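**Student:** Generate coordinates for the entire structure from the input sequences, incorporating the hints supplied.
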Amino acid sequence: MSEFLRKHVRWVGPVVLMLIGLLVMVAAAGCGPAPTPITPVPPTPTQYAPPAVQPTPTTPPKPTPVPLSFPLPAPAKTGDGFVKADDSNCRTCHTDEAKLRELAKEPEKGPSLSEGEG
Amino acid sequence: MPQVEAWQKVFINGKQFPASLHDRFGCITCHGGKSGVDSMEAHEGVVREPDAQKACEPCHREIVTTDATSLHSTLAGYRTALYARSAPDKYPQIDQMMANHCNKCHTSCGQCHVSMPTNLDGGLLQGHDFKKIPPMNLTCTGCHGSRVNDEYKGENEGIPADVHWQKAGMACFRCHSEEQAHGALGEKKHRYDGPPTPDCRECHTDVKPGDGVEQHTEKHLELLACQVCHATTYKNCYSCHVAQQDGIPYYKIAKTVMDFKIGLNPLRSPERPWKYVVVRHVPIAPDDYEYYGKDLLPNYDALPTWKYATPHNIQRVTPQNQSCTNCHGNPDVFLTEKDLLPYEVKANEGVVVKEIPGF
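Top to bottom, those sequences are chains A and G.
Read in the numbering used here, the first sequence has 11 at position 11, and its numbers run on one by one without any break.
Read in the numbering used here, the second sequence has 105 at position 105, and its numbers run on one by one without any break.
Hints are computed from structural coordinates only; laboratory data are not their basis.
Careful: at least some of the hints might be erroneous.
Stated by the list, open to error - Below, a list of computed lysine-lysine pairs in the DSSO-like style, where the Cα atoms sit at most 30 Å apart:
1) Lys34/G / Lys105/A
2) Lys105/A / Lys131/G
3) Lys105/A / Lys252/G
4) Lys132/G / Lys9/G
5) Lys84/A / Lys15/G
6) Lys255/G / Lys109/A
7) Lys131/G / Lys84/A
8) Lys105/A / Lys15/G
9) Lys34/G / Lys84/A
10) Lys99/A / Lys15/G
11) Lys84/A / Lys9/G
12) Lys34/G / Lys109/A
None of the values given here were measured: they were computed from a predicted structure.
**Tutor:** This is the structure:
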């Protein structure tokens, strides 16, 4: 027996025993009951994804009717861009009392056939 | 009605109107016509009454929107009553009759706020000024004349004016709100559709049992509309025969009768809960519209001819509220079968008082 063996032989026995014990444990574990089956989690539903390209509408969408809720906002029309027609001749006549007295006549009415209080 | 001369109907106040807001649009924008030509040509295409949707709506949108469905605008009250007495296959003739004889009473923005109604042949109110509150005498009572005006102002012989006029001088708008006139209280099928507007109790909040008025008992206030005790004799019409001659419509209205009748409430509801109300005979006879076709009112009996009424001649003291026996046990103040014409008995079954209240 060499000097080396003689020096370390006392460690070989326990190491061999530990290896054998380890193999026995591994073998025993492999023969145990079957593992509990894992139920897979159903996938989270995802919203319908629209097609990437939508067809271009041919007519503009109708405005959604909005119920009137008073008071309404002030009118937007302010007269900007409004062109006032020349009405000087209207005014000349219709503000002239003397002329209107002369010209304005009630349209003639025929005799009324109506009777009684209305 | 005060007489308005022809020139006044078209006269524009040259000092006042140009200073007003409405003048900024100019004459032609609203009325059309031409400028820079002779007077005949200038009036070509002139619109006497501008379209409210075009002329008024841009600024007065709220009012124009609701007014389109107001009774003043639609005259739905007439149509509701006439259609009820008629039948769908007769509606075209009824519509034709209404177009010729009734639609003139339709009013519009301008016909109250700028001019007199077309029913009165129009004419500017006051130099084309725009009146926020229309002058009562030239507009409201111009149309609501023979009944409302005459009752309210005491123009029926021997009948005093309404206390609201006589003592307080209240104009129409004091009770009849802008909202009511402009249809802002919702679409109505007739004048008495929905809650009372106005409601006496809105002002007379102190009226209740124990208020010191002997007749204001719990039972009276529950069973009687205010007018039963506080209105007095009013006008009743019986027929309005219509026809045309040479395309001109005319009316023959039977003689009116001054009377006062208490009937059963034909519109009894939680909003008008009274058992007894004042009833007025309306101008409707079965053959009123025969000019437009035979038997145009086949369901004549569908509505009473003595109808729910609110006479405008309110008094604190009236003949009927002077003593208990003026009503209790007195058939003369109640509508009974003897008050009915032979052809209207069935129509009024729901309003005649069969058992005169005793004590």
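**Student:** Are there hints from earlier that the structure breaks, and if so, what are their numbers?
**Tutor:** none
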